[in-house]
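Top to bottom, those sequences are chains A and B. First residue of the first sequence: 0, per numbering that gives the first Met the number 0; consecutive thereafter. First residue of the second sequence: 0, per numbering that gives the first Met the number 0; consecutive thereafter.
Any given hint could turn out to be false.
As the list claims (entries may be wrong) - Covered stretches of chain A (chain B as the covering partner; in silico rule of three or more C-beta atoms under 8 Å from a C-beta of chain B): (1) 49-59; (2) 76-85; (3) 98-107; (4) 168-180.
What the hints assert, rightly or not - Ranges of calculated distance between the beta carbons of each label pair, as one might list FRET restraints: (5) Ile114/A x Glu131/B: 29 to 35 Å; (6) Gly106/A x Asn1/B: 52 to 58 Å; (7) Asn110/A x Tyr11/B: 42 to 48 Å; (8) Glu107/B x Asp169/A: 35 to 41 Å.
By construction, these hints were calculated from the structure, which means they are not laboratory data. All C-beta atoms in this analysis are idealised placements derived from N, C-alpha and C, irrespective of residue type, glycine included.
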Amino acid sequence: MIRKEAVEIITNSIGENPIISANGFMSRDLFEVNDKESNFYMIGSMGLASSIGLGIALKNPKKQVFIFDGDGNILMNLGSLVTIGSLKPKNLVHVVFDNNSHESTGGQPTNSSQINLEKIAKVVNYKIFVIQSKTKLLSVLKELKKLQGPIFLLVKISTSNERSKRVSWDPKTIRDRVMKSL
Amino acid sequence: MNEKIQRKIFHYLKKKKIENFVGVPDSTLKYFIDECLKNNNIIITTREEEAIGIATGMSLSKSNALVFMQNAGFANSISTITSLVELYEIPLIFLIGWRGYLPDDAPEHLKIGKIQPELLKIIGLKSQILTEKNWKAKCDWALKQIKEKKPCALVMRRMFHD
Chain A
0 MIRKEAVEII TNSIGENPII SANGFMSRDL FEVNDKESNF YMIGSMGLAS
50 SIGLGIALKN PKKQVFIFDG DGNILMNLGS LVTIGSLKPK NLVHVVFDNN
100 SHESTGGQPT NSSQINLEKI AKVVNYKIFV IQSKTKLLSV LKELKKLQGP
150 IFLLVKISTS NERSKRVSWD PKTIRDRVMK SL
Chain B
0 MNEKIQRKIF HYLKKKKIEN FVGVPDSTLK YFIDECLKNN NIIITTREEE
50 AIGIATGMSL SKSNALVFMQ NAGFANSIST ITSLVELYEI PLIFLIGWRG
100 YLPDDAPEHL KIGKIQPELL KIIGLKSQIL TEKNWKAKCD WALKQIKEKK
150 PCALVMRRMF HD
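Please build the complete structure, drawing on both the sequences and the hints.
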């Protein structure tokens, strides 16, 4: 499964819930597959999708808040897992699309293949799911509404040469759209 | 800045609808942070950038946030401030404890402390220095900035050694 396919499956299942998506190809795929007001496309500030998502989750307890992260992104802000795991927001779903690489900068390796990200998430109080196939992804998504977070979905994806277009909204419009949707 | 005023600043800002206090502790801001803790209105993060991210999420949810940090942490966060807070115009108040203000502060603070005002200026983040006399007016200034959707910084100088 490539990232774009996984993004499509997830966004088809979660409706209008907010998504905070990491910079680089992550946001580009989300923009191309399912652009909507409640998507916060992070352009810079690599690593911070999980933190922005935490702030939104804490202030919107009635909405399930999704973080679309990459392995490179979360490795830059592992501390955010500790903060999320301490505050335990029930409505936070942290999806990490893991291709073991910094795909947006040319496919250089990350160290996510050398360690178990899900084990890190588990010891800091996340409920964890490791997803290798579309079938598994679909079945986990069905369960998701009934579960209390924080939830960690580690979605294993393969790298791809397919390139989505850049996010065309300017940052202030992204901000205003998200604010309106919350 | 004395203990009493630091504690007052917390309550003043809280009364003026700053609902969230997020950051990394700093000894210059010790009593302010202690007041956040006492009032159970604080998130202490692992790094300053993380705090800025969380505060951004809160601000997007229409809940005002202040981010506190030492100037060393501010220097760590410059790229986050330019590529998130300033780029998206997120109205956050930064409260920065300024080590290295005194020329005989501890050595690790001197170089970055010396350029603190210039760093603020170069990235275009408007700032004011808080004193025991002007704190209320400067807090009002910051509140006005965020009302106009502009991020800004309040700086507390380190005036003592320990």
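Each hint tested on the structure:
no. : hint                            : verdict
1   : 49-59                           : holds (count 11)
2   : 76-85                           : holds (count 5)
3   : 98-107                          : violated (count 0)
4   : 168-180                         : holds (count 6)
5   : Ile114/A x Glu131/B: 29 to 35 Å : violated, 50 Å
6   : Gly106/A x Asn1/B: 52 to 58 Å   : holds, 55 Å
7   : Asn110/A x Tyr11/B: 42 to 48 Å  : holds, 46 Å
8   : Glu107/B x Asp169/A: 35 to 41 Å : holds, 40 Å
Of the numbered hints listed earlier, those contradicted by the structure are 3, 5.
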